[in-house]
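Hey, can you work out the whole structure from these sequences and the hints?
Heads up: the sequence lines are chains P and Z, in that order. For the first sequence, counting from 1, position 173 maps to 172 in numbering that gives the first Met the number 0; every step adds exactly one. For the second sequence, counting from 1, position 97 maps to 96 in numbering that gives the first Met the number 0; every step adds exactly one.
What the hints contain is simulated information worked out from the structure, not anything from laboratory work. Among the hints, erroneous ones may be present.
One copy or any two copies: either way a pair holds, since identical chains are not told apart in the list.
[Unchecked claim] Below, simulated BS3-like cross-link-like pairs (lysine-lysine); rule was C-alpha separation at most 30 angstroms, straight line:
1. Lys3 to Lys91
2. Lys125 to Lys3
3. Lys81 to Lys35
4. Lys3 to Lys35
5. Lys40 to Lys52
6. Lys40 to Lys67
7. Lys35 to Lys50
8. Lys125 to Lys40
9. Lys35 to Lys52
10. Lys40 to Lys3
11. Lys125 to Lys91
12. Lys135 to Lys3
Protein chains: 2
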Amino acid sequence: MERKDLPALERLKAALALLPGIGARSAERLAFAILKMDEEKAREISESILKAKESVHPCPRCGLMTEKEGDCAICEEEDRDKGSLCVISDPKDFYPIEGSGSFHGLYHVLGGSIALSKGVDPDDLKIDELVERVEKEGFREVILATEPTLDGETTAMYIANLLKGKGVEVTRLGYGLSLGSSLEYVDTLTMGRAFEGRRKL
Amino acid sequence: MERKDLPALERLKAALALLPGIGARSAERLAFAILKMDEEKAREISESILKAKESVHPCPRCGLMTEKEGDCAICEEEDRDKGSLCVISDPKDFYPIEGSGSFHGLYHVLGGSIALSKGVDPDDLKIDELVERVEKEGFREVILATEPTLDGETTAMYIANLLKGKGVEVTRLGYGLSLGSSLEYVDTLTMGRAFEGRRKL
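Structure below.
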């Protein structure tokens, strides 16, 4: 039900529907909520979007999100176990892993999974950079925490092969992850179990 | 899991969590989606929020949202049945009603329902304005489409009493609405039934 005298409302609905998981109905509901909100709160949402886009960028070393210049706070944290590296597909997978309290090493973000059917091949991911880090930074263990899907599994196998003979133990999160699920929604307990039950590749 | 080197991301998550129905986890998911988006799309969301807040205001006559000066496009639409008035609590209730195709008259937005327990009394709503319109605009029928809740029912009864003896037929949406539900989510078929089965008060 489009109203001709409400172009700015229609534009807002269309813009909100650009967000993942927000359909036409949800976008309408959110648009009306924004119209009802205090001016100040709506402005805060608007401004924080621009500010985040402007300030947040990947860490040049590990690929996690950061807003500081140079290596991110995780790479630079003194208490971290610099001998252990956790390889993830997406920066947001950092949160459930960190939240599990089972891992205190460094991270490496691949930027996706190998998916030949979708045209994502190893060159599109930060795999060369990973091998280079393994050679330079002298890790004791590399934990492959790619998504528990077919593509994630393929990516883990591909990387495990590349790292063979480089004197590093390569493990894969195992126990607790159910095939086809999304890492982002794994509860912290299950994530803890997955770390405990990781298997050597 | 808060990151000290990501203040703009934390701010964006907090801002998105101001939206109704968006919890901490959803806000995080949306914030990451915004970071991944094209610059242009994120800017569009940000700008459309400000533009909508700036441009959209209630129609001075009926209270529906509009962006034009003076009466809204619905009030001014020539094809509308000017003898029939539909009274709603909230501007967004316009959409399911209009979508049902069962009503082609004018609207009047109350701006809420009477809820004495929450301190909302008749003076807080556009009820005086409604009585004034009924006296001036000579409606044949006033359809009370307040929410199918206790407060909505109370509001309908209160208005029905006020309009007694003013020579206008007062009806209430009946058939099809289930008590305790929200008008906003009623499907158009049920809404059509509710219009057909409206009863005289």
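Right, here's what the structure says about each hint:
For a Cα distance limit of 30 angstroms, the shortest separation of lysine 3 from lysine 91 across copies, 15 angstroms, qualifies, whereas the shortest one inside one copy, 40 angstroms, does not. In this assembly of identical chains, the alpha carbons of lysine 125 and lysine 3 lie at most 30 angstroms apart only when taken from different copies (25 angstroms versus 48 angstroms within one copy). For the homomeric pair lysine 81 and lysine 35, the shortest alpha-carbon distance between copies (28 angstroms) is at most 30 angstroms, but the shortest distance inside one copy (50 angstroms) is not. Proximity of lysine 3 and lysine 35 under a CA criterion of 30 angstroms is satisfied intra-copy only: 20 angstroms inside one chain copy versus 32 angstroms between copies.
With identical chains, the CA atoms of lysine 40 and lysine 52 are at most 30 angstroms apart both within one copy (19 angstroms) and between copies (11 angstroms). Proximity of lysine 40 and lysine 67 under a CA criterion of 30 angstroms is satisfied in both settings, with 26 angstroms inside one chain copy and 24 angstroms between copies. In this assembly of identical chains, lysine 35 and lysine 50 lie within 30 angstroms of each other by CA distance both inside one copy and across copies; the values are 23 angstroms within and 14 angstroms between. For a Cα distance limit of 30 angstroms, the shortest separation of lysine 125 from lysine 40 across copies, 26 angstroms, qualifies, whereas the shortest one inside one copy, 38 angstroms, does not.
Both within a single protomer and between protomers do lysine 35 and lysine 52 lie at most 30 angstroms apart by alpha-carbon distance, with minima of 26 angstroms and 9 angstroms respectively. Taking CA atoms no more than 30 angstroms apart as the test, lysine 40 paired with lysine 3 passes in both settings, with 27 angstroms inside one copy and 23 angstroms between copies. In the homo-oligomer, the alpha carbons of lysine 125 and lysine 91 lie at most 30 angstroms apart inside one protomer (16 angstroms), although the nearest pairing across protomers, at 47 angstroms, exceeds that limit. For the homomeric pair lysine 135 and lysine 3, the shortest alpha-carbon distance between copies (27 angstroms) is at most 30 angstroms, but the shortest distance inside one copy (62 angstroms) is not.
Taken one by one, the earlier hints all hold for this structure without exception.
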